[in-house]
Amino acid sequence: MKKNGIKMIKIKAKNVDVFYGKKQALYNIGLDIEENQVTALIGPSGCGKSTFLRCLNRMNDVIDICRVKGEILINDFNINDKSCDVVRLREKIGMVFQKPNPFPKTVYENISYGPTIHGMAQSKQEMDEIVETSLKKAALWEEVKDRLHEPGTGLSGGQQQRLCIARAISVRPEVILMDEPCSALDPIATAQIEELIDELKKEHTIIIVTHSMAQAARVSQNTGFFHLGQLIEHGSTDKIFKNPDNTKTQDYITGRFG
Amino acid sequence: MNKNKEQLLNKRYRAERRFRLYGQSAIFMALLFLTIFIFKIFSTGYSAFQKTWLIVPVNFDAEMMMIDQNPSKEDLQDADYYDIALKSMADLDQNANDDQKNQLKRMVSYFFEKEIKNEILNDPSLIGKTKEVYLTASDDLDQVFKGNYPRDLPEDQRRVSDYQLKIFDQLVAKGKVESKFNISFFTYADSREAELAGIASSFMGSIFSILVCLMIAFPVAVLAAIYLEEFAPKNRFTDFIEVNINNLAAVPSIVFGLLGLGVLLAIFHLPRSTPLVGGITLSLMTLPTIIIAARASLKAVPPSIREAALAMGASRMQTTMHHTVPLSMPGTLSGTIIGLAQALGETAPLILIGMVAFVNTIPGSPMDPAASLPVQIYIWAESAERGFVEKVSACIMVLLGFLIIMNLFAQIIRHKFEKKWN
Ligand SMILES: Nc1ncnc2c1ncn2[C@@H]1O[C@H](COP(=O)(O)OP(=O)(O)OP(=O)(O)O)[C@@H](O)[C@H]1O
Ligand SMILES: [Mg+2]
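If you read the protein sequences in the order shown, they are chains A and B.
This note's numbering puts the first residue of the first sequence at 1, with every later residue one more than the last.
This note's numbering puts the first residue of the second sequence at 259, with every later residue one more than the last.
Okay, chain B solo, but in the shape it has when bound (with noise of 0.2 Å):
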């Protein structure tokens, strides 16, 4: 009897134990993951954040630009400046042919014409002096130094020539060539050429889709909520409408972008590509979360509250709008915020309601055509050019940093104003 106990007792205590191992594995698991996949996109995305510049020697020769020696500044602003450009380059090797001439142009960014007028609008007196300039570096080369390059391929199967390397290793070995933090990935909007591309284009299509999102889909949804929670009749109509709400937020994403693509650009001919249509589009997508979590949270309010608040002669309305609401307040909120994180990482709906259209400008207003961020992923994702695979992984950086920062936001608002009742 007593052995027959003992023995039960210690297989209780080896169910425990490995119960307790299953779970240890199934969270080291879960962790071995998080960290791979962590450690990938980091190791990957973090040289995206410097950018090479190459400092060239420009002579602002007043005559080749074709302006007097004291220029207005609507003269500076019409100045020709790509022969100076040119020629600033060309004079990197001075017994260059043609063709290697042109090799070396091909070794800063297409926009260096600009960064040489930029640093002459800025200080006027700099006519017919010489001053060295920073130039954006190709993109090719810019992987050179980041040794993302792979120099040993044969010429004809690298973008690089020999001589560009060769110029280019005697620039660094003279210390003219620098590594900065890369402002333009942050200020500047998509572009073709990997070393100009940046990511303000499709932040701000990402931002202005996500406050469409919620100035549509936050009304609506607590209004929504209030309702079938704290006025409606509980009838089979109301059923069938919760039902609804349930399968509604269990639709492939994709499906409300057929439906952005159908009803929104097709019917209302609103314009295409834009966070306006995304925002709408991905408002369809948060509802029934919101109006799910809203929901959750009402019905956690003590129905003792409520009738607290009657039996002192409060209205419904009343009751609702003073005690219930704010009390659900909380758990509403951090519902909207997870609500929009999700949708701040949808892609298949923006793409068919052609938010994946090549914008390189930056968009002012939810009515300018832009990308958003997770397509933003998914175009450089597509592109050919090594410089853009860095690019990917720190796009990926941008958008979990700023998931991050959103869940964080409601937990804090979770925990802060989640109030005690008995």
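The shape of chain A in the complex, shown without the other chains (with noise of 0.2 Å):
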């Protein structure tokens, strides 16, 4: 989004550089994330996508040999910053995982748990309503409006991604992290969900890890191309597949490797 003419950066990663144990899996990470847009991380497996969109929730610092260095600024506020509230960040950076991972409680309780724990329901009835639109916007209320009452672990693997996405815009996050969100969806599901997300970022803003270039290019205004730990290059989405500096890029969206 501009204004005035200006992009309005939401997230600023400066000089990220992550650790498991001894072996480095980013290296020196730079990277502007514009507000209510959607950015796609791109690159082959195991370069250190998942592992950069966990940097910008903290979600690291649960593995223990995990280190984060450098800074990530969240609306001009250093996250990795010891004054960082790691339980507020996390409220305003929701986060849809690779592989689904519903809590092993009814459909209902999946999403009422986020605003329930933050307190953003008076009633019941308010509470109803979040589910009832959580669910509406990741396209699953039709499927599961009948049995909210039923584990949601009993769902498809499809069924309990959207699952996942309605727990994370159950609590309005100013920002939404999807790593694969579609990967075990079929086309019309995939389609909803990336309809949603082309609604979702006018209020949020977006990062999509994907592993399909259409995708990336479908929804995404800005793309990241990642290469065994370092950024190789980011720019729009419109120039990073019609006209990429690096001849790494280059390969990897014509398919060459990867």
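Which stretches of chain A does chain B cover? Using the computed rule of at least three CB atoms under 8 Å from a CB of chain B, they are:
#, segment
1, 95–102
2, 108–120
Using 20 Å as the maximum straight-line C-alpha spacing, the simulated EDC-like pairs for lysine to aspartate or glutamate come out as follows:
#, chain 1, residue 1, chain 2, residue 2
3, A, K105, B, E565
4, B, K389, B, D338
5, A, K99, B, E565
6, B, K492, A, D64
7, A, K202, A, D32
8, A, K92, B, E565
9, B, K492, A, D61
10, B, K557, A, D61
11, A, K201, A, D179
12, A, K202, A, E34
13, A, K7, A, D76
14, B, K557, A, D64
15, B, K372, B, D336
16, A, K7, A, E34
17, B, K674, A, E150
18, A, K69, A, D81
Source of the hints: derived by calculation from the structure; they are not laboratory data.
Glycine is no exception: its CB is placed at the ideal position from the N, C-alpha and C atoms.
From these two lone chains plus the hints, build me the complex, please.
This is the structure in structure tokens:
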């Protein structure tokens, strides 16, 4: 989104290095993420896309051996700073994981969990409403409206993934991180999710990891290409796909490696 | 080439058949031992659930009881029953001399006076009348009636005299000896007399010990496990603690008994021989078992669930309490029950802290002296009287039943509450 012709930067990563134990997984990443835009991260398997995504909501804290260096500014505030409250941070930065991971609870409880712990609904009706709109946005409502009180883990893989998307948007986060949200979905559900992403970007900033070039081209405005832990190239999706600066990017996009 | 392949294949099949055979014979052996064990226990123990009664006419003579014709309740309480009890037994043989009268008296338990008293307390109108009363047979006659007694031994090697046997046989012929379900085995405390010994005291002692053990060990162990698994940093120090918890689980139980003796009794002066001390001692023993089970089931909760909760903005505490701990509870609970079942069968530490003392009262609280089921087995197995042999087996049956129920419960919890996750 442009304000007075200037791009609004929501997230600014500066010199980010990530180590798993002694092994370095990301090298000196610098990337700006624009507000209310979709940014796609692409690159071959194991290049560090998920790792970078997890830096943005400090999920790497959970992994004992993982160390993150450098600055990540969200709304001009460094989230790697000691004073950062991760609970508040994660309330604002939602995440959809690569593998669907619904809670082993009912569909309803899966969605209502976030709003409950953040005190976002004053009454049962309000909560019902949040659950319904979240599920509708995630294109799941029609399929589960009669089984809201059955276990979320009983849904199909693709339905579980959409349930996780619905769960992530239930707390209306500023930023949504999506790690291959469509990897388990059929083309119809994928199209629904892509529509949803388009819709969501009006209110949220979205970062999506994807292995589908076509999807990156369809949904994103900006693209970053990772390779072996390095950010090789980033810029507007148009430019990266039509006229990349780096031959590696060119090769990857045209399917010559990766 | 082809032939070679054929041979190789045959060899592989033969190896598999051999392996199956080994496995089957191992299972067969295990089942055989188990069957022998169970059969032995049941065949010795089942008769303890029957008790032999002599049916003796008693004349409730007011004069002999030293009360008037219309006594008050207190009078009946304080009345003298010894004389009519003695007389009822002596009347079984009109021609008995003094020595024989004494022998007649010893055909029933020393409790006979009380049994007669209960009869009249239940029905005061019996005064002046004669009624046939059920009196507990002495343990030796009980064994005679059950066919466990070597009647053909020479008389001087038996505790039952020829005279007693003669009278007894007459009573049997008249149908005045009856065998009934032995309720008192479950309602009486221990006694020096086998016919009056029951497991009530040791059963309650076991229950109280287990409750105390549960109340101490469960919360402590679960909190320790949660802290170690979910919150503690993984470093040398926590590794050291982990190793030592595992060591603790392998410490022989008698060592915990010494600890109970040296610390709980000697330093804190807690009451001796009580389920309180027994329970605390057992809880030390159960603690590592529960910690290990709880940690294993916390570990089994997939990290993706924790990540899901954390990513929703749940704090670590909320993630643990809302998701991880509930999901680990079935495993923790069944581990706890198995730990308690172990504690229930524990004997050595309880002997050390004095729960082996002879207790003929039923404990009303964990602060009262009591025995426990395994210790009761030990005490009875040490006793010389023939009547205790079947009691040992019967007590083992009760203990085994108790353990089977607990393990069944653990299984049910595990199956019923186990949730499927991805
Ligand atoms: N928990 C971990 N412990 C150790 N190494 C890890 C861990 N997670 C990731 N790595 C390593 O970090 C590197 C980057 O992994 P990452 O998961 O970020 O790749 P990715 O780009 O998301 O791949 P994919 O497209 O297959 O999901 C890989 O070499 C991987 O082996
Ligand atoms: Mg990944």
